[in-house]
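*Asks:* Listed in order, the protein sequences are those of chains A and B.
In short: position in the first sequence from 1, add 44, done, that's the working numbering.
In short: position in the second sequence from 1, add 49, done, that's the working numbering.
No wet-lab data here; the hints were simulated from the structure.
Here the structure is a predicted model, which means the values were calculated and not measured.
Take these hints with a grain of salt, some might be off.
Said to hold, decoys possible - Within a straight-line C-alpha distance of at most 20 Å, the following computed EDC-like cross-link-like pairs (lysine to aspartate or glutamate) qualify:
(1) B:Lys-345 - B:Glu-226
(2) A:Lys-72 - B:Glu-226
(3) A:Lys-254 - B:Glu-73
(4) B:Lys-246 - B:Glu-159
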Amino acid sequence: MSINVDKRAAAAGTPGFLRQQRSRFGEKVIFAILLTAALVSVATTLGIVVSLFVPAAEFFNEVPIGQFLTGTEWSPTFANPEFGVLPLVVGTLLTTLIASIVALPLGLGSAIYLSEYAGDRLRRVLKPMLEVLAGIPTVIYGFFALTLVTPFLRWLIPGGGDVPTIFNTLSAGLVMGVMIIPTVASLSEDAMAAVPNGLRQGAFALGSNKRQVSTRVVVPAALSGISAAFILGISRAIGETMIVAMAGGAIPNMSWNPLEFHQTMTAFIAQTAGGDISTGTTIYKTIFAVGALLFVFTFLMNMVSIRLVRKYREVYE
Amino acid sequence: MTTLAPPPAPEAPPELNLLGKTGEPIRERLFRWMLMACLGVGLVTLVVLLTYVVLKGWPRLDSRLFTEMPSSISPDTAGAQSAIMGTLWIMFFTALWSLPVGILSAIYLEEYGNSARWWNRLIEINLLNLAAVPSIVFGILGLAFISRGLGFGPTVLTGSLTLALLVLPVVVIASREAIRAVPQSIRAGSLALGATKWQTIWRQVLPAAIPGISTGAILALSRAIGEAAPLLMLGVSFVRFNPDGLLSDFTTLPVQIYGWTSEARSEYQVLAAAASVVLLIILLAMNSVAIYIRNKTQKRW
Chain A
45 MSINVDKRAA AAGTPGFLRQ QRSRFGEKVI FAILLTAALV SVATTLGIVV SLFVPAAEFF
105 NEVPIGQFLT GTEWSPTFAN PEFGVLPLVV GTLLTTLIAS IVALPLGLGS AIYLSEYAGD
165 RLRRVLKPML EVLAGIPTVI YGFFALTLVT PFLRWLIPGG GDVPTIFNTL SAGLVMGVMI
225 IPTVASLSED AMAAVPNGLR QGAFALGSNK RQVSTRVVVP AALSGISAAF ILGISRAIGE
285 TMIVAMAGGA IPNMSWNPLE FHQTMTAFIA QTAGGDISTG TTIYKTIFAV GALLFVFTFL
345 MNMVSIRLVR KYREVYE
Chain B
50 MTTLAPPPAP EAPPELNLLG KTGEPIRERL FRWMLMACLG VGLVTLVVLL TYVVLKGWPR
110 LDSRLFTEMP SSISPDTAGA QSAIMGTLWI MFFTALWSLP VGILSAIYLE EYGNSARWWN
170 RLIEINLLNL AAVPSIVFGI LGLAFISRGL GFGPTVLTGS LTLALLVLPV VVIASREAIR
230 AVPQSIRAGS LALGATKWQT IWRQVLPAAI PGISTGAILA LSRAIGEAAP LLMLGVSFVR
290 FNPDGLLSDF TTLPVQIYGW TSEARSEYQV LAAAASVVLL IILLAMNSVA IYIRNKTQKR
350 W
């Protein structure tokens with residue numbers, strides 16, 4: 045009898061035959077409150093979109109969007125302002141590239157070790173330690189990059205005119221890469237943990253060793269989850285602000301030399317908004333135009349990443 | 050019979066060798082070392098960073114940090130009292146706004162929202178996306194809508210509302226996991242005894258999920274108090290007084306660390322390091338509480 049109840053309850057979500065025909069008034073009020081709370085997050089997204097794109101549209105009335113996207117000079121505060129966003133994009137891409145070169149291989153390697161090699165007890169010690177890295181405030185990473193990593197790089201890379209400047213993209217990118225390792229590692233490890241053990245055992249039965257199982261079975265089987273982790277890591281690098289604002293410099297630069305200073309999109313937003321600029325001016329609107337571009341970049345990457353995670357969940361769960 | 054003696058000894062070793070451990074081939078070993086090195090880079094950097102910050106801040110890790118106010122004139126008499134107090138105020142109000150909304154959203158999504166409906170799927174995808182939106186974008190939202198739009202300025206209210214929106218997805222995702230971990234049989238039992246759906250949630254599901262929810266809440270709040278970028282967007286700058294209400298200006302430790310790092314004089318770098326140590330200790334304390342709760346109340350169903 046009780047088994048019957050359970051089955052019907054599981055099928056309907058609630059045991060409908062036990063419930064009153066009309067739900068109580070209080071229950072309806074509660075439902076409305078819960079739904080309202082859930083809609084706050086949707087309202088937040090709408091708020092972000094409106095607050096970014098309305099001033100951005102006004103900005104593009106004053107500055108043609110083509111000029112914004114293809115211009116190579118960014119000097120919005122000068123007497124003769126130029127609004128070409130490419131130098132900021134170069135800064136962002138260069139930092140992101142350096143951070144990815146650090147974070148993606150190291151994150152994946154850490155994930156393979158934690159998932160395939162480390163025993164249960166070792167994993168329980170190492171994983172939280174790695175995750176502490178993700179919990180350290182980015183302003184402390186910025187301080188670390190500027191006051192320890194940069195002097196170290198300047199000592200390490202001497203030479204003619206190519207000494208790293210006090211603010212340089214290499215230092216900011218390297219430190220940002222370390223910060224992102226746990227993001228990449230933890231998502232990749234989740235994906236690898238979702239690979240059924242049968243696949244591993246099959247490969248072992250055919251005579252594979254652990255390295256072959258890891259690289260030829262587990263990693264390919266978890267590929268969509270690993271790609272999601274990579275994309276999310278890159279998206280975090282694009283959106284990271286404090287490290288680049290503190291260690292990367294405040295001057296836009298079109299050069300691809302990582303030893304020089306660069307201003308990224310995020311650093312521009314933070315450094316400009318921190319000053320006393322009045323609402324409605326063109327310089328105030330540039331914050332939103334650059335912010336909109338940043339949001340579009342990260343939004344697209346997040347969506348791809350979310351889709352990829354769903355894909356591996358569907359395959360194995 | 051004696052002719053059927055056990056097989057000659059020389060044959061046994063190769064057979065055993067085939068099935069037994071042959072020792073790790075060199076490529077295997079190199080691969081394993083490489084993986085350990087990957088993990089090692091992160092852990093070594095962590096140790097270097099923590100050691101560096103503590104050593105650098107050591108000369109100024111004294112009571113002045115707690116009794117004096119920030120100053121950009123004389124580093125000797127500068128402290129971080131208003132930043133520490135501001136951090137605590139911000140933490141309290143961010144929790145006040147984000148926890149109820151986040152937990153209620155989680156209850157809706159887990160207990161009421163049927164994920165076959167498009168609007169519930171929209172809410173879920175939206176949350177996942179919001180969790181990955183750069184914090185500075187939340188700063189832009191706070192600047193445009195709350196600070197300038199509603200005219201609250203860079204006050205405790207604006208800062209805590211902005212940070213609450215920032216950590217809301219973290220609270221919801223953690224609370225959902227905690228609620229999902231409560232077994233279905235608990236709900237079925239409660240409903241079978243005649244409880245309404247809300248009575249079941251309020252008296253059975255939530256109490257069982259509280260340890261998981263509080264762990265998630267603490268982690269969300271530790272993210273909030275470490276954020277500097279959105280607050281800088283709002284125009285939060287160094288103030289020499291403690292907040293005295295929701296509409297009071299404020300500063301926090303990360304903002305203060307950023308400010309001191311930007312100062313040219315090296316004494317301020319020491320102060321920045323000392324303030325970083327204080328911030329790290331606060332975060333460490335919060336995380337220890339989270340781990341303690343998790344270990345203490347881990348329930349096997």
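*Asks:* Next step is simple, just say for each hint if it's right about the structure.
*Replies:* A quick look at each hint next to the structure:
no.	hint	verdict
1	B:Lys-345 - B:Glu-226	18 Å, holds
2	A:Lys-72 - B:Glu-226	25 Å, violated
3	A:Lys-254 - B:Glu-73	10 Å, holds
4	B:Lys-246 - B:Glu-159	13 Å, holds
Hint check: a violation occurs at hint 2 only; the rest are consistent with the structure.
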